[in-house]
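Keeping their order, the protein sequence lines are chains A and B.
Numbering (my numbering) for the first sequence: 1 to 250.
Numbering (my numbering) for the second sequence: 251 to 923.
Derived, one-sided and incomplete: chain A residues facing chain B with beta-carbon distance under 8 Å:
| # | residue |
| --- | --- |
| 1 | Phe71 |
| 2 | Gly89 |
| 3 | Gly107 |
| 4 | Leu110 |
| 5 | Lys112 |
| 6 | Asp113 |
| 7 | Gly118 |
Keep in mind the hints are simulated off the structure, nothing from the lab.
Model, not experiment: these values are computed from the prediction.
Positions of the beta carbon are idealized from the N, C-alpha and C atoms, including for glycine.
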Amino acid sequence: MLETAGLTKRFGRVVALSDVSLRIDAGGSVGVVGPNGAGKTTLFDCILGVVEPDAGWIAFDGRRIDRLPTFRRGLLGIGRTFQRLELFGGMTPREHLLVTERVRGGGGRLWKDVVGLGRPAPRERREADDLLELVGLGDVADVPVEALNLGRCRLVELARALVGPPKLLMLDEPSSGLDDGERTILVSVLGRVRRERGVAVALVEHDLDLVTAVVDRLVVLDVGRVIADGPVDAVLADGAVRRAYLGSGR
Amino acid sequence: MALFLSFLLPGIPYGCAYALMGAGLVLTYRASGVFNLAFGAQAYVSAIIFSIAVHDAWPAWAAFVVAVLVASPAIGLAMERLLFRYTRTAGPLVKLVPALGLLIAIPSVTQMIIGTSTRLPSSLVLQTWKIYFRLGSTPVSGGELSTTVITVVVVGLFALVLRSSGLGLRMRAVVESPRMAELSGVRADRTSATAWVLSSLFAGLAGVLLAPLFATVSAPNFTALLVAAIAAAAIGGFESLPLVLAGAIGLGIAQQLLAGYLPSGTILSSGLRPAFPFVVLAIALVARRTLRQPAARDPLASCDPPALAFRAPARMTQVAVGSRAFSVLVAGMLVATTVVLVPGSWEFVFTLGTVLSIVFLSITLLTGMGGQISLGQAAFAGAGAFTAGQLAMHAVPVLAAVLLGGLLAAALGAVVALPALRLGGIAVGLLTLSFALLATNVLFLYPWSGNGATGLTVPRPQVGTVSFAGNGAFFWLVLAFLVLLAGAVKLVQGGTIGRELAALRGSERGSAAIGIDMRRLRVVAFTLSAAIAGIGGALYASLQQSISVNDFNYQFSLVYVVVVAAVGVYSVAGALEAGVLYAVLMQLTSTLSSRFSSLLALVFALAALTYVRHPEGVVAYGKAWVLDRAEQLTRHLQRAEPTYAGPSGAATGQRHGHLRPHLRPHLHGGDRR
Ligand SMILES: Nc1ncnc2c1ncn2[C@@H]1O[C@H](COP(=O)(O)OP(=O)(O)OP(=O)(O)O)[C@@H](O)[C@H]1O
Ligand SMILES: [Mg+2]
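For reference, chain A alone in the conformation it holds in the complex (with noise of 0.2 Å):
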């Protein structure tokens, strides 16, 4: 579903990607490892087009789209949380879903707005009720964001993301900042949003154990270069990659 080839991105002299080719299936689930600065936040940003890559190209659902804007993209069905929050301040959880869920069905009409039609539809209501639960904010729905826990805020753009619901999934770092009941969380809800929804998963995570409980599929990063791709197992036995990652750290 999601295919990237011989992506590369410099910035000045520090090669932040280099040839680098991904293969997510419709489904599927992907865990992006690698040492810090190995380039996985990079290559999500290329992949939204947060980052506008060198070289190389990105096709979703079979149709090139490195040239799209990053908003396109994202209503194409792919949905994203950042390492570093990217929340909207001064709104609530609820608040954020309900915009999200407005602009991923297709946004609205300025007239609308005008004679009174713009407000969240009760179908957007529930939808977003729906997601709170799901990810355990219902206490929380109408505290601005800013009054939240790092954990909380996590989980408040993992359902941002989870609206529509995506195609596609990417999280970066998910559980950095998580107590152990978020984290459980967060391993039951990507359990059950593939399972329920079949949301394909691409998660940059340190956590190896979290990795495995979510993922089939392991792709190591090491300097911008892929140096393992395969079943997480596999992968995890490569003496490259333990050498290159888990060497250093365990």
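We have chain A; now place chain B with the ligands onto it with these hints.
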């Protein structure tokens, strides 16, 4: 060649003054992120002090010390210590509003102290108009000579100090990352204070040097200086000092060349010369890459979370109902007294307040809801007014002309929005300001548009047999417009567009990720806002019945932003309150002597200084305070335990506290590890 030289040389001293202030603008912008428009006022103050002191027979050097070395730097230091050091991590609007307030407040305070009598400028070293020698056949006057020499010496000294003392290096470190600089032993706030003092000194010097080139020392001359300096700063991309200097000199020369070569006596030649810096500014803003994106990311940015986004508090039901009932009552009483009780001139005042509320609504929509700064709303209002006037002269019914005026203003808004899309924050404000200046200096002077200072006459509307010629009838008409437009803006706020705009204000990346088309949204906001301003302007025209370019001077754009921001930019109610307050205060202060004529602007300008602490506006803050007390009282009466106060806390300054600093760095990245 001799002719060319004789046009070129006089441009250099102007260029020098622009260069000094432009360098100051860039310096403070780099050191504290504030685009200090108040430098224009500081230049004015220095020039005034200098000329008064010299006329009081002080020696020139003593006057210079007081005016340039003491007064302006002291003002600059006070601004940095008392205001702008608290805005380092705030958004562009928070940085801009106090600076705008000061640009307006400082000259009006000065005027109250020294009175309105005309002041003649004094020359600094050499006699301004005396010819000292000739370059080829071109005479070189004392003013030109001293300005150029002093500028070169000062800039040279400055460059030397920057290099040898390490101040330049420290300044760069502070700009890159104040936190990181502090961790490595640089005192960030002291460095930024140094930058403010230095650049204020430059501004003061520019003022004293420029003053003799005009017949009198008056504030508008220094606003022109400010705009040219902004253009030079934009040429330098707000970062390169050598480019700023080169751009400033080039601008000064080009202005003189234009004046020399353009055929005289046409609007283009008389208008283009003053408008030239704005054209350059607009081009530079759109063309310079570095202006499009904010400065490089501070790796430790997350340690200083930006101030919270403003959020209107949710209230207890009883209190909410009560306050709504109270608002309705007050509004009803205002309408009733206007129609029934008040004597003639006050009826006019309330009608004017209603019209102004409409114009202010456009700022609520664009700036409060859309997060975009516009310093050109008066120009959109003028476009609407003059369109309506021209159409009315060609026998179009006035009401239709008013609507068509709004339509044309909307089209202009879309045109201005397109280049603005590539810019962010303060640059959008400057671009709209250059549009407003172009309108005042060129567009509105043609007979087919504003007809200059002569202006147009616009009749009151007549629909069938119903005439709105009387003030009473016209008030009802204007009120109907206000109710319709305010209602529409409120619906937009709660509708799709309003919520998308709120998301966009919160996070551009986040909104793009969920699929919000930022460009379309911004064009919509700009267009809608310009349309409202245009309708407001057209109604203003019909209210006054005769209008000219002076009614839509660019300075009103600045004042309007200050007024709305001071009263409350985030709510529709804020626009209405601002309109009525402004008109009422205008009437109350209109009887004062000319010395205090700027008291009105001063009141709002001073209120704008509180913007740093109360971005929701003074009136909105006051209302929140009262409602907070009302909630406490209600709870007390119910003898209920205080429950979770709800999101209301986020709105008021005091409760900001427990959410704010360091506690929530994760909201702004820099999490984990
Ligand atoms: N905007 C940028 N400008 C310059 N260099 C950048 C930029 N973004 C990323 N880099 C560099 O590119 C490299 C890859 O960064 P990236 O953030 O993609 O790594 P990552 O794998 O996500 O690391 P982490 O695990 O720390 O999040 C790093 O060396 C980083 O410093
Ligand atoms: Mg990363």
